[in-house]
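J.: Spelled out from the first residue to the last, the chains are:
Number of protein chains: 2
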Amino acid sequence: MTNPYSDRENTSGSTLPIALIQQQYSQEQGKNIAANISAIRKAAQGGAKLVVLSELHTSLYFCQTHNYDNFELAEPIPGKTTDAFAAVAKQENIVLVTSLFERRSTAIYHNSAVVLDCDGSIAGIYRKMHIPDDPGYHEKFYFTPGDLGFEPIATSIGKLGVLICWDQWYPEAARLMTLAGAEILVYPTAIGWDPDDDKAEQQRQLEAWITIQRSHAIANGVPLISVNRVGFEKDLSKKTAGAQFWGNSFVVGAQGEFIARANNSDNTILYTKIDLQQNKQVRQIWPFMRDRRVDAYSGLTQRWLEKTITSNSTSTDKR
Amino acid sequence: MTNPYSDRENTSGSTLPIALIQQQYSQEQGKNIAANISAIRKAAQGGAKLVVLSELHTSLYFCQTHNYDNFELAEPIPGKTTDAFAAVAKQENIVLVTSLFERRSTAIYHNSAVVLDCDGSIAGIYRKMHIPDDPGYHEKFYFTPGDLGFEPIATSIGKLGVLICWDQWYPEAARLMTLAGAEILVYPTAIGWDPDDDKAEQQRQLEAWITIQRSHAIANGVPLISVNRVGFEKDLSKKTAGAQFWGNSFVVGAQGEFIARANNSDNTILYTKIDLQQNKQVRQIWPFMRDRRVDAYSGLTQRWLEKTITSNSTSTDKR
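Protein sequence lines correspond, in order, to chains A and B.
One rule links them: number in this note's numbering = place in the first sequence (from 1) + 904.
One rule links them: number in this note's numbering = place in the second sequence (from 1) + 904.
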């Protein structure tokens, strides 16, 4: 195969070749995993050193409905699926970000990301901290909110700040990952349009999704990778018109500038490079961390600060 | 004059006609104030109910240099300048967001915003919390960081979350203002290009500035107004090539969508309307506040959380 990085800037010690796997998934878990592995191998053979998959990439996005049967999709970590991906990471000598429905016990389930290092070891896991629950996205039914906090995962290619989907709307999550040393923010995602929304609303949602993630790169002076699936998936409960997953997997640099972006419909391996030295220079011209008012941020741990007649002791501003 | 709102959607009880005053300023304070007042009157007579000026709109952006003489520009609040703007706010029956170099005493100076209500009273003041200090922006020399926290200012048209320039890079500031009840975020600003930077870098900076502010609207489900000056101002110390203030004053809705945007060079009164009901609907489809992990955010009050050999008790992660 031709080198997918050959038309990009010369490789230097400071750039990291990466690949994002944007794909449509089906009801057949075995077929999804085979497609994942085939794409990962192709990406690695193309030169990628970091490969990122989208959220819950071994199944349909099953959270469209409440269905006890879906708990059968959950797996322990480590388990059969992480073993399979670990073997590929080792064979291909890459760092691999995967995502799965974690069965921690028969009482506790999470929406988790597993990072596999190039020696096949589990570098670390992240359990999704912010859990949505909205029409078509019934995640609170399936997933207990994460309890591992916002801890970057150290790998042979750097510290990855892995967050998952709904986390992307929370500047707090990106900030905490960065304060804890993340060098790259990584968001496996499954987000789509409601076909019943008009085009203008769909465009606003897509742009908002991109904009807020770019802002995390800017606020924190780090590059960011976001990987979404594509394809239409029916809502079997028929309560919504289903989800048209909007792809648009993308990578931005530490100023929020686009480095690569996929379209909204195609199975794609998106190859690009991240400059790991850029953030040092960007943080010099924009030294935002220097001036954070940590003395005045205690209200961020409160639910709501507005002073009203119904305020109680937990929602009252303590400043 | 023709009605500047006539080509916009019909006025309803829920839309607020606003105007942003984007202008170039000169060394003559009297002339700047006269230009401000003339533009405010025109905006009000055009129907605006909320008028917002840019940062430090009565002078050149004097922070390009360290110069003791510039402290003569500072004024008390209330004072001659706030009195003049208060009289205009009352006469024109508008809410007016102004900005000035505050002399709190001969020992303490701030970069402050003063909000004047339509009865001519001071609705409230905000003292810039995050103070930059970079080539061409020597604000730490002039301004003590604000000590009033992130408190919205209640006015006859709603609660304004007024923040100033450098604050715009901090998601924490926008979040705290919103948690405390702000219905609109408002950013008087003075930001420009270094003429020595190439066009690509200038474009990245402008886009980052817009992107991060749009993200605050999205994260918090509130509309946002940002007002910048235009024009080139020399660096009298000759340490930099001066500042080409980039204008681009803009307004976005609660999904971060553009409602209005000025260009990068012209003196402009930017008329538009804000839908004060939109945020209720947007917050229903995107209930981000519901799912904040306030139990896991305590690290936000820390300077840095990375575990290193040099960590000490104040920078160690306490989770």
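It is possible that some hints are incorrect.
One copy or any two copies: either way a pair holds, since identical chains are not told apart in the list.
As the list claims (entries may be wrong) - For lysine-lysine, the following DSS-like pairs were computed, each having C-alpha atoms within a straight-line distance of at most 27 Å: (1) K1143 with K1044; (2) K1211 with K1142; (3) K946 with K1138; (4) K1044 with K1184; (5) K984 with K1044; (6) K1103 with K1184; (7) K935 with K1184; (8) K1211 with K1044; (9) K1211 with K1138; (10) K935 with K1211; (11) K1138 with K1103; (12) K1184 with K953; (13) K1211 with K984; (14) K1211 with K1184; (15) K1184 with K984; (16) K953 with K1211; (17) K994 with K1143; (18) K935 with K1142; (19) K946 with K1184; (20) K953 with K1142.
Please keep in mind that the hints were generated in silico from the structure rather than gathered at the bench.
J.: State for each hint whether it applies.
T.: Quick rundown of the hints versus the structure:
1. For the identical chains of this complex, K1143 and K1044 are intra-copy neighbours only, at 17 Å inside a copy versus 56 Å across copies, given an alpha-carbon limit of 27 Å.
2. For a Cα distance limit of 27 Å, the shortest separation of K1211 from K1142 qualifies neither inside one copy, at 42 Å, nor across copies, at 49 Å.
3. Neither within a single protomer nor between protomers do K946 and K1138 lie at most 27 Å apart by alpha-carbon distance, with minima of 30 Å and 54 Å respectively.
4. For a Cα distance limit of 27 Å, the shortest separation of K1044 from K1184 across copies, 23 Å, qualifies, whereas the shortest one inside one copy, 39 Å, does not.
5. For the identical chains of this complex, K984 and K1044 are intra-copy neighbours only, at 25 Å inside a copy versus 57 Å across copies, given an alpha-carbon limit of 27 Å.
6. In this homomeric assembly, K1103 and K1184 come within 27 Å of each other (Cα to Cα) only across copies, at 21 Å, whereas the closest approach inside a single copy is 40 Å.
7. For the homomeric pair K935 and K1184, neither the shortest alpha-carbon distance inside one copy (42 Å) nor that between copies (43 Å) is at most 27 Å.
8. Taking identical chains as interchangeable, the C-alpha atoms of K1211 and K1044 are never at most 27 Å apart, the minima being 30 Å within one chain and 32 Å between chains.
9. For the homomeric pair K1211 and K1138, neither the shortest alpha-carbon distance inside one copy (44 Å) nor that between copies (45 Å) is at most 27 Å.
10. Proximity of K935 and K1211 under a CA criterion of 27 Å is satisfied in neither setting, with 54 Å inside one chain copy and 41 Å between copies.
11. Taking the shortest alpha-carbon separations for K1138 and K1103, only the intra-copy value of 19 Å comes in at or below 27 Å, while the best inter-copy value is 46 Å.
12. Within a single copy, K1184 and K953 get their C-alpha atoms as close as 21 Å, which meets the 27 Å cut-off; across copies the closest is 45 Å, which misses it.
13. Taking the closest pair of Cα atoms, K1211 and K984 never come within 27 Å of each other, the shortest separation being 52 Å inside a single copy and 33 Å across copies.
14. Taking the closest pair of Cα atoms, K1211 and K1184 come within 27 Å of each other only across two copies (19 Å); inside a single copy the shortest separation is 41 Å, beyond that limit.
15. For the homomeric pair K1184 and K984, neither the shortest alpha-carbon distance inside one copy (40 Å) nor that between copies (45 Å) is at most 27 Å.
16. For the identical chains of this complex, K953 and K1211 are inter-copy neighbours only, at 25 Å across copies versus 51 Å inside a copy, given an alpha-carbon limit of 27 Å.
17. Within a single copy, K994 and K1143 get their C-alpha atoms no closer than 43 Å, and across copies no closer than 53 Å, so neither meets the 27 Å cut-off.
18. For the homomeric pair K935 and K1142, the shortest alpha-carbon distance inside one copy (25 Å) is at most 27 Å, but the shortest distance between copies (65 Å) is not.
19. Taking identical chains as interchangeable, the C-alpha atoms of K946 and K1184 are never at most 27 Å apart, the minima being 32 Å within one chain and 47 Å between chains.
20. Within a single copy, K953 and K1142 get their C-alpha atoms no closer than 41 Å, and across copies no closer than 46 Å, so neither meets the 27 Å cut-off.
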